[in-house]
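Protein chains in written order, with our numbering: chain A, 2 to 323; chain B, 2 to 323; chain C, 2 to 323; chain D, 2 to 323; chain E, 2 to 323; chain F, 2 to 323.
These are calculated hints, taken from the structure and not from any lab test. Check before you lean on any hint, since a few could be wrong.
Same chains, same names: a pair is fine if it fits in one copy or spans any two.
List time: in silico DSS-like cross-link candidates among lysine-lysine, alpha-carbon distance up to 25 Å [what the hints assert, rightly or not]:
#1 K52 to K286
#2 K287 to K240
#3 K286 to K174
#4 K174 to K17
#5 K282 to K182
#6 K109 to K17
#7 K182 to K240
#8 K293 to K52
#9 K242 to K52
#10 K287 to K174
#11 K272 to K52
#12 K182 to K17
#13 K293 to K182
#14 K291 to K272
#15 K291 to K242
#16 K52 to K182
#17 K240 to K293
#18 K272 to K242
Number of protein chains: 6
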Amino acid sequence: MFHHVKELQFNARVSKPDVRFAKLLLEQFGGPNGELKAAMQYFVQAFGCRKPHPDKYDMLMDIATEEFSHLEIVGATIQMLLTGVNGELKNAADESDLTKMLDGKAAKENYIHDAMINPHFFVVSGGTPTLTDSVGNPWSATYIMGMGDLTADLRLNIGAETSAKMVYENLMKFTDDVLVKESLRYLMTREVAHFQMFQAALESIQPNFPPGILQSDPKYSNKYFNMSKGEDFEGPWNKGKSLELSEEWQVIEEPLQHVIETNGLLNEVSKGTDRTEDSVKAANKKLSTKRKTEVDQTNITSNGLMSWSIYEEQMESEHHGN
Amino acid sequence: MFHHVKELQFNARVSKPDVRFAKLLLEQFGGPNGELKAAMQYFVQAFGCRKPHPDKYDMLMDIATEEFSHLEIVGATIQMLLTGVNGELKNAADESDLTKMLDGKAAKENYIHDAMINPHFFVVSGGTPTLTDSVGNPWSATYIMGMGDLTADLRLNIGAETSAKMVYENLMKFTDDVLVKESLRYLMTREVAHFQMFQAALESIQPNFPPGILQSDPKYSNKYFNMSKGEDFEGPWNKGKSLELSEEWQVIEEPLQHVIETNGLLNEVSKGTDRTEDSVKAANKKLSTKRKTEVDQTNITSNGLMSWSIYEEQMESEHHGN
Amino acid sequence: MFHHVKELQFNARVSKPDVRFAKLLLEQFGGPNGELKAAMQYFVQAFGCRKPHPDKYDMLMDIATEEFSHLEIVGATIQMLLTGVNGELKNAADESDLTKMLDGKAAKENYIHDAMINPHFFVVSGGTPTLTDSVGNPWSATYIMGMGDLTADLRLNIGAETSAKMVYENLMKFTDDVLVKESLRYLMTREVAHFQMFQAALESIQPNFPPGILQSDPKYSNKYFNMSKGEDFEGPWNKGKSLELSEEWQVIEEPLQHVIETNGLLNEVSKGTDRTEDSVKAANKKLSTKRKTEVDQTNITSNGLMSWSIYEEQMESEHHGN
Amino acid sequence: MFHHVKELQFNARVSKPDVRFAKLLLEQFGGPNGELKAAMQYFVQAFGCRKPHPDKYDMLMDIATEEFSHLEIVGATIQMLLTGVNGELKNAADESDLTKMLDGKAAKENYIHDAMINPHFFVVSGGTPTLTDSVGNPWSATYIMGMGDLTADLRLNIGAETSAKMVYENLMKFTDDVLVKESLRYLMTREVAHFQMFQAALESIQPNFPPGILQSDPKYSNKYFNMSKGEDFEGPWNKGKSLELSEEWQVIEEPLQHVIETNGLLNEVSKGTDRTEDSVKAANKKLSTKRKTEVDQTNITSNGLMSWSIYEEQMESEHHGN
Amino acid sequence: MFHHVKELQFNARVSKPDVRFAKLLLEQFGGPNGELKAAMQYFVQAFGCRKPHPDKYDMLMDIATEEFSHLEIVGATIQMLLTGVNGELKNAADESDLTKMLDGKAAKENYIHDAMINPHFFVVSGGTPTLTDSVGNPWSATYIMGMGDLTADLRLNIGAETSAKMVYENLMKFTDDVLVKESLRYLMTREVAHFQMFQAALESIQPNFPPGILQSDPKYSNKYFNMSKGEDFEGPWNKGKSLELSEEWQVIEEPLQHVIETNGLLNEVSKGTDRTEDSVKAANKKLSTKRKTEVDQTNITSNGLMSWSIYEEQMESEHHGN
Amino acid sequence: MFHHVKELQFNARVSKPDVRFAKLLLEQFGGPNGELKAAMQYFVQAFGCRKPHPDKYDMLMDIATEEFSHLEIVGATIQMLLTGVNGELKNAADESDLTKMLDGKAAKENYIHDAMINPHFFVVSGGTPTLTDSVGNPWSATYIMGMGDLTADLRLNIGAETSAKMVYENLMKFTDDVLVKESLRYLMTREVAHFQMFQAALESIQPNFPPGILQSDPKYSNKYFNMSKGEDFEGPWNKGKSLELSEEWQVIEEPLQHVIETNGLLNEVSKGTDRTEDSVKAANKKLSTKRKTEVDQTNITSNGLMSWSIYEEQMESEHHGN
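Required output: the full structure, derived from the provided sequences and hints.
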């Protein structure tokens with residue numbers, strides 16, 4: 002269950018209205034790297050952890066709830082930046098004689114120009130935030146990801162924090178308002194904090210590579226295909242050993258010839274690795290048993306029905322701490 | 002700021018897994034009439050009310066927060082209905098010999114058939130809810146509406162509660178699980194409760210018709226154009242007086258002829274109404290002054306900057322009640 | 002069957018081209034609150050009424066057809082506002098020497114600046130309307146709603162007319178062209194007229210609350226959860242009696258504590274209402290019988306097949322009036 | 002202005018309900034190749050033709066209006082195929098005892114299975130058509146195209162009729178209902194008729210190649226780059242003369258080598274064509290003058306304002322024919 | 002398999018950065034008529050041709066691969082037009098003192114104004130192309146079409162080349178950079194070349210009308226319904242013979258009356274055509290046999306399994322030519 | 002420039018048609034975690050690296066091109082799984098007598114049932130792949146991400162490989178075809194290989210934390226807000242030191258009280274960290290100078306114009322290796 006208190010998590014303030022920056026800031030309200038995306042991604046992922054991984058569930062819900070609180074900070078800032086728009090729209094004088102009231106044609110020109118910056122603020126939402134990015138694309142659940150596997154989801158979350166941090170960094174270039182910058186800097190910093198929380202959680206799960214259960218095929222896991230010819234380079238991504246599996250990279254310089262010679266890679270052989278078909282099978286079996294057990298044993302119910310919360314137990318833990 | 006507690010607002014329970022009903026129930030998790038739509042619609046609308054209409058802000062945030070809590074109930078129910086899917090996906094034996102483990106071909110057939118019901122549960126989300134409707138359309142912010150005007154927004158919210166109620170009513174036909182039905186009935190009932198809250202709030206604003214500020218043109222406000230010929234009917238929508246403006250309906254039986262005769266309605270005249278161009282202007286001016294003042298006076302700041310929350314005052318109110 | 006005549010329903014006129022206002026006006030051509038949304042919403046809802054509710058079918062098709070005619074008015078106005086764009090795009094001189102023809106660099110700058118206002122007009126649609134909103138989002142059927150239940154659909158339609166009215170009201174602030182304002186005012190007024198038609202139709206159906214068939218659960222229908230703490234308010238939405246069911250609002254000041262004490266509301270009891278589990282069942286049964294019968298009896302066919310129109314009967318009614 | 006009559010353009014009939022085929026048929030109601038796409042594409046294109054090309058405007062509006070009438074036929078057929086769904090949803094008995102009413106568990110199973118075919122029919126639209134394709138994607142204006150140029154638009158319309166014809170052809174495989182097939186065959190045939198109307202209109206414009214104004218560059222217009230190596234073929238698309246420009250195809254067998262040798266094609270030379278830079282310029286100038294004049298001269302107004310319809314003239318033409 | 006070389010197919014160059022034109026050019030990078038649309042449409046269509054129509058497969062893959070190479074040219078041009086944006090975003094001085102570094106407030110104003118042109122370049126993509134159209138709509142697979150039938154697909158491809166040509170023609174009006182125009186002209190010309198390739202391929206298939214297999218119904222194939230009344234016109238689309246079927250157009254001047262008289266067209270009769278129900282059946286059977294055989298015979302496998310490529314054979318053809 | 006050869010990179014084979022698995026496999030053809038997403042994400046990111054980071058450009062284009070080649074493998078597999086569908090759709094006999102040809106009603110039932118699995122295959126694409134996910138959502142560019150910053154983009158790419166790996170792992174559960182599994186295993190393994198390439202590239206950039214330029218604020222970077230109350234847990238994400246910044250986690254057990262006491266965190270102080278406001282400024286300045294220089298110096302041109310490729314130099318490198 003959620004609760005709301007009317008205090009913001011951060012004391013968001015604004016020096017003066019700024020329709021233009023309000024438009025840019027929408028990127029973190031309803032954009033693909035913004036606060037709603039983060040909040041919903043962690044919230045939705047959390048359902049699968051509730052039973053088998055209550056500690057990760059706790060962390061995901063702590064962060065998801067903070068992201069909802071950040072969404073509120075961003076929305077509040079946009080609302081303050083739009084101060085005046087709503088009042089002007091309720092100015093019925095416009096029907097007959099706006100020009101006069103706004104001190105001449107130039108004033109009206111400015112007003113219309115502002116509307117062109119983001120028409121939605123003026124003709125649709127009436128001077129309030131819209132759940133879109135900075136050019137007006139409506140927020141979409143295609144932004145959120147979750148695979149039902151913690152080592153996968155935590156990596157996706159690190160990506161989410163990464164891109165959110167970048168957008169806040171970029172946004173700071175487009176306002177001179179020190180109060181707004183103060184809020185942006187706080188929000189940017191929290192993405193860095195969450196990044197490290199997800200990273201720590203990922204490290205706490207072993208093994209965590211590859212994501213999921215199944216091992217990779219040693220015949221193909223360390224091949225590097227030189228598919229883009231011309232100015233070619235060497236780097237740790239095609240020379241030396243891979244970081245996770247410690248296999249020696251094998252560069253295929255002429256992919257077409259190689260593919261034909263190996264009958265479409267069917268006759269490919271392992272090189273530069275100690276892993277074998279047998280070691281892969283053993284690893285698959287071992288990890289599968291472990292992970293499947295973790296999940297399945299939490300699904301056993303004593304009374305033949307499933308419930309999400311046990312209200313009496315929770316009462317206890319509330320009173321005695323944990 | 003939001004808070005979360007691990008108890009659900011309602012004790013959602015499930016008797017046994019049911020992938021099919023989990024799919025249908027997605028409609029209220031990530032569908033256009035579902036809980037997220039409601040929660041986000043009221044949450045986004047609330048920003049514009051924070052200053053000028055703190056009482057409506059309080060109500061919108063009370064209901065928005067409850068809808069987030071309902072979203073959690075729906076997600077928890079889907080997760081329980083999907084029990085077993087995640088564990089099975091972690092079953093590495095599948096690579097070599099699923100048929101045997103699942104007691105023969107029939108079992109595998111059932112498993113594949115279940116996957117066809119909603120492939121996302123099986124190949125993407127790993128047995129957890131997805132933020133889509135029942136056929137897989139990702140949730141979209143096109144579902145939410147707000148016009149920056151309370152008499153408009155409250156009507157849109159009545160519409161939102163209406164459609165949400167209908168979907169719960171329909172869903173009840175597709176499960177026999179009495180525990181699930183119990184939750185559905187609770188959720189359906191809350192839509193009815195919210196409907197009446199928004200209705201009461203709308204009545205508390207006067208005048209509340211038409212939405213917005215500007216009055217309608219009496220030349221056109223009570224004309225009924227018979228645009229669909231054939232089996233024609235009379236009803237209170239084209240005979241008698243209109244409910245809000247008490248104008249006598251005027252039916253235009255032959256729209257084309259009428260349009261030509263009035264030079265494209267430019268020469269239309271008022272009939273069946275007491276309203277005049279002058280009364281419209283006066284009403285526009287009066288309402289505009291009132292509503293603009295309400296909004297503008299809340300934007301005045303003493304110290305030249307804008308803030309959303311006053312932390313000390315809130316502390317007071319927390320301690321002394323209100 | 003539809004017919005078209007080349008006269009517009011309203012004599013839409015324009016004083017001079019205005020690319021900027023053309024962009025804003027797109028909101029009512031291809032936007033979520035615009036004419037196509039209204040037209041398609043009523044048109045699609047009408048199919049379900051054809052047999053069981055021929056009077057409502059007649060009304061829905063009268064209004065849907067008028068909305069299509071309004072869509073044409075909006076499109077025609079945009080086209081006139083874009084006068085000159087298409088011709089200039091066919092100016093091949095641009096390839097070699099536009100600067101000269103446009104009287105210097107300043108002219109070209111203006112032309113490019115206009116293109117930035119809405120690139121689609123210049124590089125895609127060639128100076129004709131596009132089926133998008135004012136920022137370029139393509140029209141989407143997610144905008145239209147219908148639940149197969151008249152008391153629900155009519156409420157959704159009241160919402161549609163509400164938001165359409167607001168957009169026209171807002172648009173009037175952004176043009177000085179008195180001819181364009183004339184059309185906007187006509188279109189805005191018709192939304193007010195349709196609002197009242199749907200309202201009258203809704204009142205003509207009894208009972209019309211709640212939407213659908215099933216009654217709400219009296220244990221939960223009048224509870225108000227105080228989910229947003231801080232500055233709390235009382236109003237008719239949480240104090241006194243609800244407007245439809247006349248139940249006394251019951252405020253839950255501490256939702257978490259209440260939920261725990263009632264075992265997740267399972268042990269909740271009714272208060273402030275006369276409705277009982279039995280009265281709910283009786284009401285459900287009575288209304289269900291009535292509504293199901295209305296629908297089912299119109300599906301009975303004499304000759305074992307279904308047809309939409311009976312051409313001979315219609316011929317009669319054409320010739321003898323109705 | 003549109004009008005509606007309650008007779009369908011075609012006597013659509015159905016032998017018995019069929020939820021499955023109703024789902025498939027949605028493809029032509031709200032799908033990318035369906036009736037709404039065609040109707041809206043021609044309707045939107047028509048605005049740009051109103052003044053400069055009144056004959057093509059007439060044709061586009063004739064066909065657009067017919068497509069709206071076909072949309073109605075498709076919707077009516079879906080509605081008839083869904084007969085019974087709406088009534089069953091109003092069956093309140095379901096709450097307590099559907100199993101009994103439906104003659105046992107098997108009946109309920111069938112009902113649930115039907116809901117899985119297309120959940121939207123059962124839990125959202127209440128047994129009425131939805132404006133989606135057969136898998137539930139909402140109709141989108143990305144489906145419609147128009148470039149503000151008749152030789153382009155007519156070719157796009159030929160494409161639209163082509164794909165619509167294919168879908169009807171495919172649909173016929175999935176129903177045994179001879180009455181439904183009768184309607185499908187009629188609708189399929191009309192796509193073939195419209196195809197030829199657009200083709201005739203395109204031929205009536207000369208020159209009509211290339212679409213638009215600007216001629217192609219003779220250095221690049223007849224080169225064929227062999228970008229996909231392996232099993233290579235010759236055909237009239239890379240051997241002989243091109244159909245419109247009668248230029249001899251020039252195959253570039255080794256694109257990379259050729260690009261390097263010509264400094265990225267900057268040093269490319271014309272071959273196999275009589276067209277020159279001068280002939281291109283002359284053709285551009287001639288066609289530009291012609292087309293620009295056609296458009297511009299229709300924009301001249303005598304009284305300094307623009308209107309879409311002249312009501313008096315139309316009255317005349319109504320009375321005296323044309 | 003694809004390969005990449007770092008040389009562009011055309012030597013794309015830019016004289017100076019231009020954020021505004023970069024925005025417009027996005028239309029051909031990620032827009033509905035752009036290079037990715039073309040590339041993906043032909044690439045996806047090609048799968049169905051691989052076995053039954055290897056010559057058309059070769060052509061589709063030649064052109065698809067060229068379109069991918071054009072996508073690269075467009076992206077490279079946008080990247081060069083955005084030169085400087087990325088560097089400025091990495092300018093940390095902005096946090097404390099951008100105003101000073103940018104030589105005063107005017108410079109910052111210009112920078113912010115540029116960001117308003119396309120916020121995505123500045124706050125999201127960091128000065129690199131985005132896969133959107135010019136107003137920011139993300140590229141969508143709704144843009145691509147393919148019906149699994151060559152006479153249909155080739156016509157759709159002619160449409161795709163038509164609209165792409167138009168956009169390049171329009172774009173040339175909005176830049177003075179002769180180097181950029183050089184690239185645009187090359188790209189525009191290639192659309193004209195591809196148009197003629199698809200046209201030639203379509204002509205090489207006989208019969209190619211109508212698309213697909215099934216013939217149209219002679220009762221309805223040459224009727225022209227006058228659905229839009231007022232200023233009516235005659236043209237080759239409603240007078241004389243249709244171009245493909247050589248049937249005499251039959252105008253229905255009064256559709257409503259005609260529909261009623263023919264019992265909803267069920268009693269319609271053929272006129273102005275030699276085709277009969279029997280000739281239609283014969284044509285259907287003949288063409289069906291031919292086309293079905295073409296497809297089916299390529300699906301026969303000798304060893305009971307299906308493979309896409311035969312590597313040894315390809316090696317042969319590589320070495321000995323074809 | 003891209004090239005194509007008709008050999009697949011992997012010898013994809015199929016034992017027998019399987020419409021159901023073809024549907025599931027669409028997830029990796031046109032789904033959000035599939036091959037097109039990966040290919041386009043790396044391809045689009047590469048533009049920004051071309052000049053400043055040619056080694057990373059080489060790697061991104063190598064992998065992007067391989068992903069396009071994998072897209073082809075997936076599409077080819079789907080096409081083979083759909084063998085027979087296209088031929089059957091060309092079977093005109095269906096119009097009159099499919100029942101007979103298909104050996105009775107049961108056969109037709111199966112055919113219709115198959116169509117319900119994925120209607121697009123049968124009524125739209127004619128038995129060829131569609132660019133959608135497994136439930137029919139069209140591919141959308143919202144799936145791809147890039148921030149114009151390598152340390153951000155490489156982390157996003159690690160996320161992309163993670164989710165793609167998971168989908169292949171899940172897909173293997175739904176087919177018994179050992180040939181198809183062989184291809185899936187190859188494709189899954191390549192995601193693991195690419196994961197490690199991006200990881201190695203990320204490690205080769207120092208410092209690589211946080212992504213972008215700006216350091217986090219030490220007042221907020223190590224706070225952990227306990228926003229979800231109830232069953233609380235400790236882990237390395239809220240206890241001990243953070244992995245990147247080595248700051249001691251500080252748990253805020255009562256967020257509301259803390260926020261009020263710190264005046265909305267404005268009075269927050271640093272704890273558990275050595276970083277200071279000064280060290281942050283110094284780090285920002287140092288990194289900014291380095292990264293800005295890297296980007297800017299590659300933008301300097303000798304001749305005053307920008308080009309993407311230098312054809313002569315490339316020729317050299319082709320001939321002499323690199």
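Now for the hints, and whether the structure bears them out:
no.	hint	result
1	K52 to K286	within (23 Å within a copy, 40 Å between copies)
2	K287 to K240	neither (31 Å within a copy, 30 Å between copies)
3	K286 to K174	between (52 Å within a copy, 15 Å between copies)
4	K174 to K17	both (17 Å within a copy, 23 Å between copies)
5	K282 to K182	between (54 Å within a copy, 15 Å between copies)
6	K109 to K17	both (20 Å within a copy, 18 Å between copies)
7	K182 to K240	neither (44 Å within a copy, 30 Å between copies)
8	K293 to K52	within (13 Å within a copy, 43 Å between copies)
9	K242 to K52	neither (38 Å within a copy, 27 Å between copies)
10	K287 to K174	between (51 Å within a copy, 18 Å between copies)
11	K272 to K52	neither (42 Å within a copy, 34 Å between copies)
12	K182 to K17	within (13 Å within a copy, 32 Å between copies)
13	K293 to K182	between (47 Å within a copy, 22 Å between copies)
14	K291 to K272	neither (30 Å within a copy, 39 Å between copies)
15	K291 to K242	neither (29 Å within a copy, 29 Å between copies)
16	K52 to K182	between (41 Å within a copy, 23 Å between copies)
17	K240 to K293	neither (36 Å within a copy, 28 Å between copies)
18	K272 to K242	within (12 Å within a copy, 40 Å between copies)
In the structure shown, a violation is registered for the earlier hints numbered 2, 7, 9, 11, 14, 15 and 17, in ascending order.
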